[in-house]
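Between the sequences and the hints, there should be enough to build the whole structure, so can you do that?
Those protein sequences? They're chains A, B, C and D, same order as listed. Position one of the first sequence corresponds to residue 1 (our numbering), numbered consecutively onward. Position one of the second sequence corresponds to residue 1 (our numbering), numbered consecutively onward. Position one of the third sequence corresponds to residue 1 (our numbering), numbered consecutively onward. Position one of the fourth sequence corresponds to residue 1 (our numbering), numbered consecutively onward.
FYI, nobody ran anything at the bench for these hints, they're computed from the structure. From a predicted model like this one, the values you see are computed outputs, not experimental measurements. Treat the hints loosely; a few may be bogus.
Unchecked claim - Capping the alpha-carbon separation at 35 angstroms, the derived lysine-lysine pairs in DSBU-like fashion look like this:
#	chain 1	residue 1	chain 2	residue 2
1	D	K270	B	K96
2	B	K156	D	K270
3	C	K272	A	K84
4	C	K175	A	K96
5	B	K299	B	K94
6	A	K94	A	K152
7	B	K152	B	K299
8	B	K321	B	K299
9	D	K175	B	K321
10	A	K149	D	K175
11	B	K96	D	K175
12	C	K243	C	K272
13	B	K321	D	K272
14	B	K18	B	K152
15	C	K273	A	K325
16	D	K272	B	K156
17	B	K84	B	K96
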Amino acid sequence: MSSQSKRITLSEAAEIIKDGTMLTFSGFTIWRRPCALIFELIRQKRRDLHLVEVNSGPHSEFLIGAGCVKIWESCWIGHELYGKYGANLSRKVKNKEIIFEDYSHAEMGFRFLAASAGMPFIATQTSLGTDIHNPEYDMLRRAGLRNGKNPKIARKKYETMQDPFYGDGLQILLPAAKVDVAVLSVQQVGEEGTVRIGGQFFTDPEVCRAADTTIVVAEEIVPEECLRTEPRLNTIPSFQVDYIVECPYGAHPTGMFGYYDVDGDFIRNFYMQTRTQEGFDEFAREWIFGMDHTAYINKLGVDRLVNLQASRALNFSTRVKRGQK
Amino acid sequence: MSSQSKRITLSEAAEIIKDGTMLTFSGFTIWRRPCALIFELIRQKRRDLHLVEVNSGPHSEFLIGAGCVKIWESCWIGHELYGKYGANLSRKVKNKEIIFEDYSHAEMGFRFLAASAGMPFIATQTSLGTDIHNPEYDMLRRAGLRNGKNPKIARKKYETMQDPFYGDGLQILLPAAKVDVAVLSVQQVGEEGTVRIGGQFFTDPEVCRAADTTIVVAEEIVPEECLRTEPRLNTIPSFQVDYIVECPYGAHPTGMFGYYDVDGDFIRNFYMQTRTQEGFDEFAREWIFGMDHTAYINKLGVDRLVNLQASRALNFSTRVKRGQK
Amino acid sequence: MERHDFAKPGEYTLADLMTVAASREVNDNEVVFAGTGMPMIAIMLAQRTHAPNLKLIFEAGTFDGRPNVIPTSVGDPRCEGGASRASGLCEAFSIAQRGYVDLGFLGGAEVDEYGNVNTTAIGNYLDPNLRLTGSGGNPDINSFARRTVFIMVHEARRFTRNVSYITSPGWRVKKWPSGEFVHRRELYGSAFRGGPSAVISTAGVFRFDEDTGRMYLDTYHPGKTPEEIKGLCQFDLDISRVKGETAPPNYDELHIIHEVLDKEEIFLPKPKKS
Amino acid sequence: MERHDFAKPGEYTLADLMTVAASREVNDNEVVFAGTGMPMIAIMLAQRTHAPNLKLIFEAGTFDGRPNVIPTSVGDPRCEGGASRASGLCEAFSIAQRGYVDLGFLGGAEVDEYGNVNTTAIGNYLDPNLRLTGSGGNPDINSFARRTVFIMVHEARRFTRNVSYITSPGWRVKKWPSGEFVHRRELYGSAFRGGPSAVISTAGVFRFDEDTGRMYLDTYHPGKTPEEIKGLCQFDLDISRVKGETAPPNYDELHIIHEVLDKEEIFLPKPKKS
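Structure representation (structure tokens):
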């Protein structure tokens, strides 16, 4: 793709993600999640998504609550200290309204590492002896989805073999985590696609390369030449990014190193309110439907955003109230 | 290891590397090679070293010419435009005075990646169909060394298997590259071991973690707090480094991003002179034996070092003559 | 001025007691993996008391950090204060699998006598009473670290004979495909480095016999008795090796917890004045 | 002012001709892997002429670089000028294996009719006449890229019936353990993306028939004839598809090579004035 043609709108970005897409995201639990794009997907009533995530969080709770997700494949979903678990996933698991597949955190990370390197599988010894490897709990197989029809769904959840080189014992071979689309929420992207992430980059480089198509939603689109004076500070090279979207506060209510903190009140209220489907629907009427991202941040209001704003010196907010004091 | 106790001398560092050590290095071809420490190893008459390298260069040509090396396991040895191939390795291969084991460049990189992640092996499809995988050319097996006696030498050069997950076909499983000691030549190390590499970091993070013991030879030992204000700029965390040595011009005649360029004349002369063993011995008498590193850089002289000095703005020398003009 | 004498009942909370007990599990110079909340405070407390050279790892990708402000989670920008390196999760778990980690702090919803822990689902996994968060890094840190310490609420339904789902591997784990229980050492081969070392509950501190893999009571918290704690376990808890009461926090530790680390009262509210 | 008319014999060197021919193998927007020397200049030339949006990768770890000063090698600080990212070799080869790379430029000491290349040893591998550098990234780039272009000195001993050692895989490669020759497609499975696309020698430009995997002469350099070139090959070179003479450099290209890119004459000395 030639330069200068990667810029699209949030709404156009959401349209790239079709019904049934295998999808993954940037970030870690309650940090740098592409929530603005996810709200747009919900507005566009996307269905049958297959989420493959290193770990999950509020962003996927939005999608799951809204009925957009058919399969959730990951290791964790919750809201850190703002909500004990993913109430929407939990409800849909109980009601058998979603297919779930559990791996461990390192397993999911290594699966994306393999996919990002074009390796079909990778060996690890983590989680040996746990029910993660219980053959009865291969949920995609139980759902009849490991039949090879979808080329990105592995024929087995895992395979075992003995190390033939050093006598290091039983190894678990994990299939690469291949996905159709990765959506990244980041601080800065250049006009040609160079991504500069501030702070920990989590698994963003791996999920980017694991995907066939990568959409980057950035707080700011900046001139490439600004980023290219210091290539060591950049996280993802230009040619791994297909589309770019400029979207200030695009990760709210999750946090963005150097830009804004997690909106804990927002997430806590979401968690409490959406422990029933009715609660979720009410939340969606209030915060998702009938508005666009501009209306959303205006509804949040200046005081709230100023309060969350990160100190340029410290990269986090010194104003936000996090505890009881 | 507690803080402040990691600092040792070049001579002490060389003593950590015993006869028979499996050894690897920082850098790439003619850049950031720990030559000062290698000259010290030659002075201390180390023998039977087993070099395991992502790629090789002048530093190993020094060691091989001096008779310190029993096994060379890598993918490439040469001097880039300053010498067509490794004349000392070439001579010793012809004379059957060294055991060599060939992999490809990506294979060696991935082998270190596996070792650095505690994985006993890793899958790849590179180099399928080449003589690298000719079973007759497993040279460590031919030498009787794949008998499991050395726990860091794999029982096979490689293994094959079909991808069981996606039908991605024949895979080569490569054994992790496990080594006893890694020696890194870098720009800056903190007193507690935090490494900050300037420019491309090559495979330094991987070779560091693949080794049981890591020795860092730095142009400068700097206060930890200077490095810890910007953790994203650091390459290797403190606790992966066991010993640190301050040694200005420690990589000469190879280059050091931001500090000095490759000394092309030195390497070209070395290559030309050491195409015979007598030539090597003469080189060693002139540049290695009977001196220490201080005497060595004094012998190089101020003019030569000033000429090689990198521009602080550009990170390379604008004074050095590289071509015919 | 540091005050190392013990605080009196009422001057500290149960959470303070547990945090301090967790902190004392750390030795100086160790590489320690910490999760969000109480474990984070425990390690940052150890860093400021008896283990100034511990190396703190957050699994999101921060190495040897010395944060001045308590992070809200391991993905928080606050993690990077004074850190040696910040990168990502694959590097963190590669480092862990490579064997650098001495100690990890973890939580759990259920634990069995062998230290198997469940954080995935209560009841039948395929038709659960309650789906929880899932594993997170719990099994990974527990697989790779030399010692792991679990911090848990003590209720009889949580200290169970059989956990609903083994999320995190204890001393006797399942060998697949049969699912028969074997000693952890048998399964992990050369990757075996240790396993659960302690459970710190709201009732006491528990340890494990490495050979049998069974849990035993080490100390009981002030106000509890070994028999009472035994009654709060569905399995037959070994209380024969109990040493006495869990040592309470000292004033210096309480000062660091409440006036330095968590003065915002994010994770550990101050004891209420009577 | 750019001058796109062709230079005359004597106004350019054979190396100039080969560099320009290599440069013309690059299409705009492609991701291209380059090694040291002539390939690097060829790509940097393409970047300044018909392929301004090509993405240049150096295997040491620099991505989408736009260096202003020619690097001495791919590990050189000069590689990083204008680059999108600088990191390391594992990332470079991971990107390549993942399938991002369109084109790679490589060299070789020997090549056979199927594009198998040797850079490892001349003669018996176990008892060689001459041990060379070894593979470097040659087989890797050749395994992963959609197309590869080899730049070589043309001598009959180099264009050989059987290379002493297959360092880099051509269109018909060895299937182990038997060593029987099979089409590359058969071995690489879903990783098959292409193979050697051209050889640019000191005599001409050669291409490959994808089905038979056999090399044929595409163009001959000015002053050479197809028959002469056929005589410089140990195998039976197909000259039936020859198109004509290799197009010489134009003045703009020569200006960029000698006055912009390699004015230090590191790799490409200027043509000597007659």
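The hints, checked one at a time:
1. With a CA separation close to 42 angstroms, the supplied pair K270(D) and K96(B) exceeds the 35 angstroms bound.
2. Annotation: proposed proximity of K156(B) to K270(D) is violated, straight-line Cα distance about 50 angstroms (limit 35 angstroms).
3. Taken as a hint, the K272(C) and K84(A) pair is honoured in the structure, with Cα atoms around 25 angstroms apart against an allowance of 35 angstroms.
4. Annotation: proposed proximity of K175(C) to K96(A) holds, straight-line Cα distance about 28 angstroms (limit 35 angstroms).
5. For the given pair, K299(B) sits about 34 angstroms from K94(B) by alpha-carbon distance, which is consistent with the 35 angstroms threshold.
6. For the hint linking K94(A) to K152(A), the alpha-carbon distance of about 27 angstroms falls within 35 angstroms, and the restraint holds.
7. Distance restraint check for K152(B) and K299(B): the Cα-Cα separation of roughly 40 angstroms exceeds the 35 angstroms cut-off, and the hinted pair is therefore not satisfied.
8. A hinted pair counts as satisfied when its Cα atoms are at most 35 angstroms apart, and K321(B) with K299(B) qualifies at roughly 20 angstroms.
9. For the suggested pair K175(D) and K321(B), the alpha carbons sit about 47 angstroms apart, so the restraint of at most 35 angstroms is broken.
10. Proximity of K149(A) to K175(D) is assessed by CA-CA distance (about 29 angstroms); at most 35 angstroms being required, the pair is judged to hold.
11. The straight-line distance between the Cα atoms of K96(B) and K175(D) is roughly 28 angstroms, inside the 35 angstroms bound, and the hint therefore holds.
12. For the given pair, K243(C) sits about 30 angstroms from K272(C) by alpha-carbon distance, which is consistent with the 35 angstroms threshold.
13. Simply put, K321(B) and K272(D) have alpha-carbon atoms about 20 angstroms apart, close enough for the 35 angstroms limit, and the pair holds.
14. In summary, the hint linking K18(B) to K152(B) is supported, as the alpha carbons are separated by about 16 angstroms, within the 35 angstroms threshold.
15. Among the hinted pairs, K273(C) with K325(A) is consistent with the structure: their alpha-carbon atoms are about 16 angstroms apart, no more than 35 angstroms.
16. Taking the CA atoms of K272(D) and K156(B), the gap is about 54 angstroms. The hint is violated against a cut of 35 angstroms.
17. Restraint check for K84(B) and K96(B): the C-alpha separation of about 21 angstroms stays at or below 35 angstroms, so the hint holds.
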